[in-house]
Amino acid sequence: MNDVLSAYLDGELSDAERAEVEAQLERSAEWRTELAEVRAARDALRGIPSRDAPEGFWDAVFARVEADDDVVVPITAARSDRRRRWGWVAASAAAVAAVVAVIVVPHRNEVTPNVTAVIAQHGAQGSDSGDPVTVLAPVGPLAGFRR
Amino acid sequence: MTRLRPLTLATSASIALALVVAVATSAGAGTDSDAKHAARLVRDARHAAADHDFTGEATVTWTTANGMHRASVRVMNGDGATAITASDGGEVIDEGRRTYLHDQLGWTGLVIEPSARKIPPPDHRWKLATAGAATVAERRGTVVLATRSNGEPAQRLVVDDATGVLLARDVLGPKGNVQRSVRFTSIDLGEDSLTHVGVRGGMRSRKAEPLASAPDGYHAPSTLAGFQLVTRSRHPDGVLFFYSDGVFTASVFEQQGDLDWSALPSGGSDSQLADTRTRTYNDPSGDVAVWEHDGLVLTCVTDAPSDVFAHMVGALASDERSTAEQVVDFVLGPFGWG
Numbered sequence: 001m002n003d004v005l006s007a008y009l010d011g012e013l014s015d016a017e018r019a020e021v022e023a024q025l026e027r028s029a030e031w032r033t034e035l036a037e038v039r040a041a042r043d044a045l046r047g048i049p050s051r052d053a054p055e056g057f058w059d060a061v062f063a064r065v066e067a068d069d070d071v072v073v074p075i076t077a078a079r080s081d082r083r084r085r086w087g088w089v090a091a092s093a094a095a096v097a098a099v100v101a102v103i104v105v106p107h108r109n110e111v112t113p114n115v116t117a118v119i120a121q122h123g124a125q126g127s128d129s130g131d132p133v134t135v136l137a138p139v140g141p142l143a144g145f146r147r
Numbered sequence: 001m002t003r004l005r006p007l008t009l010a011t012s013a014s015i016a017l018a019l020v021v022a023v024a025t026s027a028g029a030g031t032d033s034d035a036k037h038a039a040r041l042v043r044d045a046r047h048a049a050a051d052h053d054f055t056g057e058a059t060v061t062w063t064t065a066n067g068m069h070r071a072s073v074r075v076m077n078g079d080g081a082t083a084i085t086a087s088d089g090g091e092v093i094d095e096g097r098r099t100y101l102h103d104q105l106g107w108t109g110l111v112i113e114p115s116a117r118k119i120p121p122p123d124h125r126w127k128l129a130t131a132g133a134a135t136v137a138e139r140r141g142t143v144v145l146a147t148r149s150n151g152e153p154a155q156r157l158v159v160d161d162a163t164g165v166l167l168a169r170d171v172l173g174p175k176g177n178v179q180r181s182v183r184f185t186s187i188d189l190g191e192d193s194l195t196h197v198g199v200r201g202g203m204r205s206r207k208a209e210p211l212a213s214a215p216d217g218y219h220a221p222s223t224l225a226g227f228q229l230v231t232r233s234r235h236p237d238g239v240l241f242f243y244s245d246g247v248f249t250a251s252v253f254e255q256q257g258d259l260d261w262s263a264l265p266s267g268g269s270d271s272q273l274a275d276t277r278t279r280t281y282n283d284p285s286g287d288v289a290v291w292e293h294d295g296l297v298l299t300c301v302t303d304a305p306s307d308v309f310a311h312m313v314g315a316l317a318s319d320e321r322s323t324a325e326q327v328v329d330f331v332l333g334p335f336g337w338g
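Chains as they are written, first to last, in my numbering: chain B, 1 to 147; chain Z, 1 to 338.
By construction, these hints were calculated from the structure, which means they are not laboratory data.
The beta carbon of each residue, even a glycine, is placed where N, CA and C say it ideally should be.
Mixed in with the good hints, there may be bad ones.
To be verified - With the Cβ distance kept under 7 Å, some of the chain B side facing chain Z (calculated, not the full set):
| hint | residue |
| --- | --- |
| 1 | G11 |
| 2 | L13 |
| 3 | S14 |
| 4 | D15 |
| 5 | A16 |
| 6 | A19 |
| 7 | E20 |
| 8 | A23 |
| 9 | Q24 |
| 10 | S28 |
| 11 | H122 |
| 12 | G126 |
To be verified - Listed next, the in silico DMTMM-like pairs over lysine to aspartate or glutamate satisfying Cα-Cα at most 25 Å (straight line):
| hint | chain 1 | residue 1 | chain 2 | residue 2 |
| --- | --- | --- | --- | --- |
| 13 | Z | K36 | Z | E95 |
| 14 | Z | K207 | B | E30 |
| 15 | Z | K127 | Z | D161 |
| 16 | Z | K207 | B | D15 |
| 17 | Z | K118 | Z | E95 |
| 18 | Z | K127 | Z | D34 |
| 19 | Z | K175 | Z | E209 |
| 20 | Z | K207 | B | E34 |
| 21 | Z | K175 | Z | D270 |
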């Protein structure tokens, strides 16, 4: 069920499969609860904060790669076995540095706000401080509007 | 002809001046009294739905670049809960702090926010006044206007004279045009309308984590273009700041990262606010703007008129606030509003 709902949220199902899942969601409270949990888990993953690399990190990486390039470039030219070995070592070090940089230093994430959810949340919060009918009446058409 | 002596002239002038002052004072007292009355009507309307059961039909209208849109909703209010059903399938059930939404994915329990207790009074920013009587859904009500500093009304309410229930709410643009409206077309109040609103038993709702201050990397001034920060809360995918100016409300949802413009919902339009690229939407519930600034993706929603909204987004996007706002922020910041 989890995989199906995950595929459903990712828009990976065919029209027929999607219709089947939606019918099941209408019928089953268990499916709806599972869907809410799958969605919450995805939201939580998306919410993990990303951080920039420490100041100077990328300069150090680029400097290292440039320094390694000086050694690697002569590989195509006639050279001694010793230089060739150094070239391979340097190339390997650069590759490892690049992999470490990708894995260890998180990149900034791309964010897509769930606009409809923010609007609905605003209505819910507003109904706590204002007249609930006039605050929430517009949320009803919005929910249907997105069908 | 009898000539008035100087003393008589002075006495007459004094009496005339006293009369003018008395009349002016009386008029001022009347204005103050009316403003207080109007503010009380607005305050009471916020709670009237909790004290009166009713059922009815209401019309929701909103304006987009494509013109005016209209939708009908059925409203049932009873047992401390409100159910709103749109003709196109959308449905909302509000039980105070818990709110449930029915959309294409079925029922969803919205995140429970911290209670918004310390909202500013209705006359915190807006000049309030009554403006005669009006009949809405065959019920007699009092018109209450919230007016801008230039004298143009920003909101028009009609409050039921017998119960205090809000019968109509019009949000007005700077030229007096209706930008958004909710208006009962029929309403049945009283003993005969006692109704039971189905509560979504078994639905689970997560609670947002209340925050005493904005976390590192997030930005939310205590005051913003006339709005006061009321609550801050952490969600799984960001931080939500809720503002009120006593009449209108605004939510600012902040997420760290870079905005993926291509994945935003269709139906919006690109515009420049405070030299910042912004995607804006006009939805039945309010105006929405999405933009990125200083490593944050911001989504702002408000039920305020477009000029008030633009001022608010501009202040957030440019991070330019008046000295007074910065001073208030410095003073109130440590205490928080939420």
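Hint-by-hint comparison with the structure:
Annotation: G11(B) was flagged as interfacial toward chain Z, and the flag is violated, the nearest CB pair being 12 Å apart, outside 7 Å. Annotation: interface hint on L13(B) violated; nearest CB of chain Z at approximately 13 Å, more than 7 Å. For the restraint placing S14(B) at the interface with chain Z, the shortest Cβ-Cβ distance is roughly 17 Å, beyond the 7 Å limit, so the hint is violated. At about 14 Å, the closest approach between the beta carbon of D15(B) and any beta carbon in chain Z exceeds 7 Å, and the interface hint on this residue is violated.
The closest approach between the C-beta of A16(B) and any C-beta of chain Z is roughly 17 Å, which is over the 7 Å cut-off, so the hint fails. At its closest, the beta carbon of A19(B) sits 11 Å from a beta carbon of chain Z; the interface hint therefore is violated under the 7 Å criterion. Residue-level restraint check for E20(B) is violated (minimum Cβ-Cβ distance to chain Z is 14 Å; threshold 7 Å). The interface hint given for A23(B) is violated, since its Cβ lies 11 Å from the closest Cβ of chain Z, which is over the 7 Å cut-off.
Hint on Q24(B) is violated. Least Cβ distance to chain Z is approximately 10 Å, over the 7 Å limit. Below 7 Å, beta-carbon pairs count as interface contacts, and S28(B) has none with chain Z, the closest being about 9 Å; its hint is therefore violated. Hint on H122(B) holds. Least Cβ distance to chain Z is approximately 4 Å, under the 7 Å limit. Restraint check, G126(B) versus chain Z: the minimum CB separation of about 5 Å is within 7 Å; hint holds.
Pair hint K36(Z) plus E95(Z) does not hold up; C-alpha atoms about 30 Å apart against a cutoff of 25 Å. Proximity of K207(Z) to E30(B) is assessed by CA-CA distance (about 21 Å); at most 25 Å being required, the pair is judged to hold. Distance restraint check for K127(Z) and D161(Z): the Cα-Cα separation of roughly 21 Å lies within the 25 Å cut-off, and the hinted pair is therefore satisfied. Note on K207(Z) and D15(B): the hinted pairing is violated, with a Cα-Cα distance of about 34 Å set against a maximum of 25 Å.
Simply put, K118(Z) and E95(Z) have alpha-carbon atoms about 20 Å apart, close enough for the 25 Å limit, and the pair holds. Distance check on the hinted pair: K127(Z) and D34(Z) sit about 11 Å apart at the alpha-carbon level, within 25 Å; holds. Between K175(Z) and E209(Z) the CA atoms are separated by roughly 41 Å; this puts the pair beyond 25 Å, and the hint is violated. At most 25 Å may separate the alpha-carbon atoms for a hinted pair to count; K207(Z) and E34(B) meet this at roughly 18 Å.
With a C-alpha separation of about 23 Å, the suggested pairing of K175(Z) with D270(Z) holds against the 25 Å cut-off.
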